[in-house]
Amino acid sequence: MTRQEAEVILQRTFKLNQFYDEQWTTIEKILKGERVLLIEKTGFGKSLCFQFPAILHKGTTVIFSPLIALMRDQVKKLNSLGISTKCVNSEQTPEENSQIISEAKEGKIKILYIAPERQENSEWIEATRHLNLSMVVVDEAHCISVWGHDFRPAFRRIINLVNLLPIGLPVLATTATATKKVEADIAQQMGSNLTIIRGNLMRDNFKLFVIKVNSEDEKLIWLGQNLEKLPGSGVLYTGTRVDTEIYSKWFEFLKIPSTGYNAGLDPESRIAIENGLINNQWKCVISTNALGMGIDKPDIRFIIHTQIPQSPIHYYQEIGRAGRDNQTSYIILFYNPEDKKLPEAFIEGGRPAISKYEKVITAVKNEMLGERDLMKRTNLKQTQIRVIKADLMEQKIIREVTVGRSKKFEYITGAPQLNTKAFEELRASKTRDLDKMIEYVETNQSRMKYLCDYLGDSSTHSFTNCDNTGLKKITVSVNDEWAQKLQAFREDYFPVIEVETRETSLINGVAASYYGVSNVGGALHRSKYENGGDFPDFLLRLILKAYRKKFGQEKFDLILYVPPTKSGELVKNFAVKVSQVLKFPISHNLVKQRTTSEQKVFENGYLKSDNVKDAFLIRTPDEVRGKSILLIDDIFDSGATIKEIGRYLSNLGAIKIAPLVIARTVGGDLV
Amino acid sequence: MNKESAYWIALAHLPRWGHLKINNLIIKFYHENKLSIEDFFQLSENDWKNQYGIEYKEVEDLKRAKSELANNAFLAESLNNEGYELIPIISPEYSKTLKDNLKAAHAPALLYVKGNKQIMKEKSIAIVGSRNATDKSLEFTDNIAKLASKEYKVVVSGFAKGVDKQALDSAINYKGQSIIVLPQGIMTFGSGFKKYYKQIVDGDVLVLSTFFPKAPWKAELAMARNPIIYGLASEIYVAESSDKGGTWSGVVDGLRKNRKIYVRKPDANENNANNLLIQKGAIAVDFNGNSLLNYKPLLTEVNKLSLNEPTVNYEIKILDLLKTGEYAVKEIIKKLLLTWSEKKLREFLKSKKEVETINKKPLRYTMKDSTIKQRSLFD
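Chains as they are written, first to last, in this note's numbering: chain A, 1 to 671; chain B, 1001 to 1379.
Certain hints may be false.
[What the hints assert, rightly or not] EDC-like mimics (lysine to aspartate or glutamate), calculated; alpha carbons at most 16 angstroms apart, straight line:
| # | chain 1 | residue 1 | chain 2 | residue 2 |
| --- | --- | --- | --- | --- |
| 1 | A | K396 | B | E1315 |
| 2 | B | K1194 | A | E367 |
| 3 | B | K1317 | B | E1220 |
| 4 | A | K359 | A | E603 |
| 5 | B | K1165 | B | E1122 |
| 6 | B | K1214 | A | E126 |
| 7 | B | K1161 | B | D1135 |
| 8 | A | K545 | A | E603 |
| 9 | B | K1214 | A | E123 |
| 10 | B | K1195 | A | E367 |
| 11 | A | K212 | A | E491 |
| 12 | B | K1198 | A | E442 |
| 13 | B | K1194 | A | E123 |
| 14 | B | K1335 | B | E1315 |
| 15 | A | K105 | B | E1068 |
| 16 | A | K58 | B | E1315 |
| 17 | A | K656 | A | E442 |
| 18 | A | K396 | B | D1135 |
| 19 | B | K1003 | B | E1085 |
| 20 | A | K365 | B | E1085 |
| 21 | A | K407 | B | D1135 |
| 22 | A | K255 | A | E245 |
Think of the hints as simulated: they come from the structure by calculation, not from any bench.
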């Protein structure tokens, strides 16, 4: 097919006039059954390079994509062009997915978007026996490489698949973010006979700024003063989920329309927020980096980072989501020298200790274990188990197999020794990347040029689009008015204790503070572990304030408190004081009927739950039947204790149980 | 991971080709023409016809197999991910014993394995016998497995009840090594992999199958597996055989292929066909596996069985055939080379309750329930 002929079809089907040269080069190769790695910036039109050949092929084109939001957008768009397109992902019900898979088997689907994790699903694998496959696309191909910013183990299987596909079956891998090193890694993994097409990655519609600050307060204040002055709507990226919450509460306090987003939200909320973002419902969405990849919003007008990313490639990827319409977009990075501690901790401490790896290896050598059993056997956190698991799989020491419907880990016969050198190399590389990111902050050259150089783009373009090349530098000015506003906010903001379930009478409660974010943690620690005596009175004032904020003038029938593991009356004495102020009766009849260990000994929620299961007893059950109860404790971590007591009291007929705690830990466990 | 896995799956399971035809093709493209299997599949239909003399119908088979390569790639990826390995007949990892014993006529083109592949390079013995063997036979099995394990010989067995299971359990018990030859596809053996997890991890057990990975247990597969067990072993020991069934036909087949087969010398009062096998050329052995070259079974003991041996043997063959489909009397006679008259066969078929008569012209016969219930250890 000539380019001319192809463009006739292009106009008819996609309502586009012509291909870019690089698009046509790619498509020509795909039509010949070749393999291509296409590296082009966001907004280039990479999708057309597989969507166009897909409509010419007889069978189905399968696109492995990690981005559910992108799948949704593309499915809508392609169907509106009359191209039968579906997606299979975890947001849809199993029935919907089954239906789509069977349609694909019947050849009714031209383009099928599918999450890489689906390769682990037996129904899908079974379906692939009957699929008339005409092309495979690996979207976000940088996820294949550990040297990239977003390595995903599920892509390992996709690469293996690609290597097994017969000659003549076209394969297209695409990414917008690959350094030369990542490019070489992808190419090496995809095997020979691969053509690499690389475009330029420069974005000259960006206006790049770095704002140097000395405290978290300065960031909050500058944003309070200036956020609404920025054009259009945008995204504010924070380093942690807790920060997401704090920033969105701050904007709420200032009545700036905004909303928080993180990967932990349920699919409905995520979709609602993504749609809201597209429709400019808020000035900004505050998010961890989970948001934005693949969202089809061409006019994100600003992207602000309150936390320095791990590397220039992370940063390029995240700001790449702005200004896809080529209109001016503001790209702002806050930097407080303190901030590098977070990515540093992530790099240094992100790897579990070698002894923990050995623990996992020994356990898996002895028996085939699922994740949950493995956590129980090793007393490791889920987050750590997942890191260890991915590393051990990478080093071919263990593998994940499907037994019936569950996934288990097994030891590979004749596996090599754990190679710790690989971790060190990766760590060294990440440290270098972080240094490069800090260099971006400190550079007095063009920031765009700096990023392009880092990515391996040899641009000779002369830029005038940053605060080093013509734009005015931004500085923060803190005045009394704003300092007071921030103080008022701080004293008015209390973290929610989320424990509500359908099965029990537990409702969401409140904490006076986060454990590590204020002076509360220190005060608790002194009383608990340094013989500091009763919890200080400021904690009482704070918890009462939190109570009023959350529950207003609501009355409870009874106050109970969590009985201690070790002898100690701290919580009891504290609860008595709360009871005296609120004037709700207190009962001392909730006790432990067996010895438990301190919860902090256990690293994961499963063991914490086991530790407190059936451990509690109320000596006078009549006291709680039909009652609303305020349940007091000092620290809320995984919530296993509160949930166990909640379950127990619900069974005894309590009608409402609300936790009130002094501090909630940050992070906790994923369970 | 073998990059050509999808191609090997396609070639190994070409429908109705048989080992010989497949192996001859491999010999031709790989050994004579020095083509990889990938290259071979890239050839044009004309090349297949002209250079390889492949007939029209078979070209169609190959075309179809080629169109399924992408689908096979998904299967191969999934096999690889679960730790199953594919060993094509051209691989140096392919069991030399198996190749030498079965030759091009019977060696499967592709092995699916999981566990320690090195085991295939060791000296090996198979211990075979009935599913409902006597205690005496099981003790013999245990003893032979013990001796084998002491001498670092691998015990090959077929994972059925009775002697097979004993051979495996004993080898494990005496810290020896084993190959389990499956009567089913390797992906359908989940519970077995769980049970023998530790042994597999420690490198003491290799699980092997030659069938399509997802094929469930079937009587035909159990029969087809027997030559693989015999083929993987350098020495074959028979603990106990009746005059029909898998062990019997396996040993008879082995003798026909000139394999040395050792059979436990039965006691005078035993009711089995061990003596009959010895008479047919198998070597009698004592409890410790020592050859008893001078042992000649009494003619009467043999005759008891041998008088009706041909009939019984034919009967089984007929019924086995009917398990695979519907056949008219003439077809049965032709397929099995029977010397029976059509009348005799018709009467025999009528006398069998498990045979179903299908009212077509000519009358056809099949087994009432041609899928026999699985008798694996884990049901």
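Going through the hints against the structure:
1. Our distance criterion of 16 angstroms between C-alpha atoms is broken by K396 of chain A and E1315 of chain B, whose separation comes to about 52 angstroms.
2. A C-alpha spacing of about 9 angstroms is found between K1194 of chain B and E367 of chain A, which places the hinted pair at or below 16 angstroms, so the restraint holds.
3. At most 16 angstroms may separate the alpha-carbon atoms for a hinted pair to count; K1317 of chain B and E1220 of chain B meet this at roughly 12 angstroms.
4. Restraint check for K359 of chain A and E603 of chain A: the C-alpha separation of about 14 angstroms stays at or below 16 angstroms, so the hint holds.
5. With a C-alpha separation of about 21 angstroms, the suggested pair K1165 of chain B and E1122 of chain B falls outside the 16 angstroms cut-off, and the hint is violated.
6. About 10 angstroms separates the Cα atoms of K1214 of chain B and E126 of chain A, which keeps this hinted pair within 16 angstroms; it holds.
7. Between K1161 of chain B and D1135 of chain B the CA atoms are separated by roughly 13 angstroms; this keeps the pair inside 16 angstroms, and the hint holds.
8. Between K545 of chain A and E603 of chain A the alpha-carbon distance is near 32 angstroms, which puts this suggested pair outside the 16 angstroms criterion.
9. Taking the CA atoms of K1214 of chain B and E123 of chain A, the gap is near 13 angstroms; set against the 16 angstroms cutoff, the hint holds.
10. Taking the CA atoms of K1195 of chain B and E367 of chain A, the gap is near 10 angstroms; set against the 16 angstroms cutoff, the hint holds.
11. Between the alpha carbons of K212 of chain A and E491 of chain A the distance comes to roughly 26 angstroms, so the proposed pair goes past 16 angstroms and is violated.
12. About 56 angstroms separates the Cα atoms of K1198 of chain B and E442 of chain A, which puts this hinted pair outside 16 angstroms; it is violated.
13. For a cut-off of 16 angstroms, the pair hint linking K1194 of chain B to E123 of chain A is broken: about 22 angstroms separates their Cα positions.
14. Straight-line distance between C-alpha atoms of K1335 of chain B and E1315 of chain B comes to about 13 angstroms, which keeps the hinted pair within the 16 angstroms bound.
15. For the given pair, K105 of chain A sits about 13 angstroms from E1068 of chain B by alpha-carbon distance, which is consistent with the 16 angstroms threshold.
16. Restraint check for K58 of chain A and E1315 of chain B: not satisfied, since their Cα atoms lie roughly 52 angstroms apart, outside the 16 angstroms limit.
17. A C-alpha spacing of about 55 angstroms is found between K656 of chain A and E442 of chain A, which places the hinted pair above 16 angstroms, so the restraint is violated.
18. Taken as a hint, the K396 of chain A and D1135 of chain B pair is broken in the structure, with Cα atoms around 44 angstroms apart against an allowance of 16 angstroms.
19. The hinted pair formed by K1003 of chain B and E1085 of chain B meets the criterion: a straight-line CA distance of about 12 angstroms does not exceed 16 angstroms.
20. A hinted pair counts as satisfied when its Cα atoms are at most 16 angstroms apart, and K365 of chain A with E1085 of chain B does not qualify at roughly 20 angstroms.
21. As the CA atoms of K407 of chain A and D1135 of chain B are separated by approximately 40 angstroms, the hinted pair breaks the 16 angstroms bound.
22. For the given pair, K255 of chain A sits about 15 angstroms from E245 of chain A by alpha-carbon distance, which is consistent with the 16 angstroms threshold.
In terms of the numbered hints stated before, the structure departs from hints 1, 5, 8, 11, 12, 13, 16, 17, 18, 20, 21, listed from lowest to highest.
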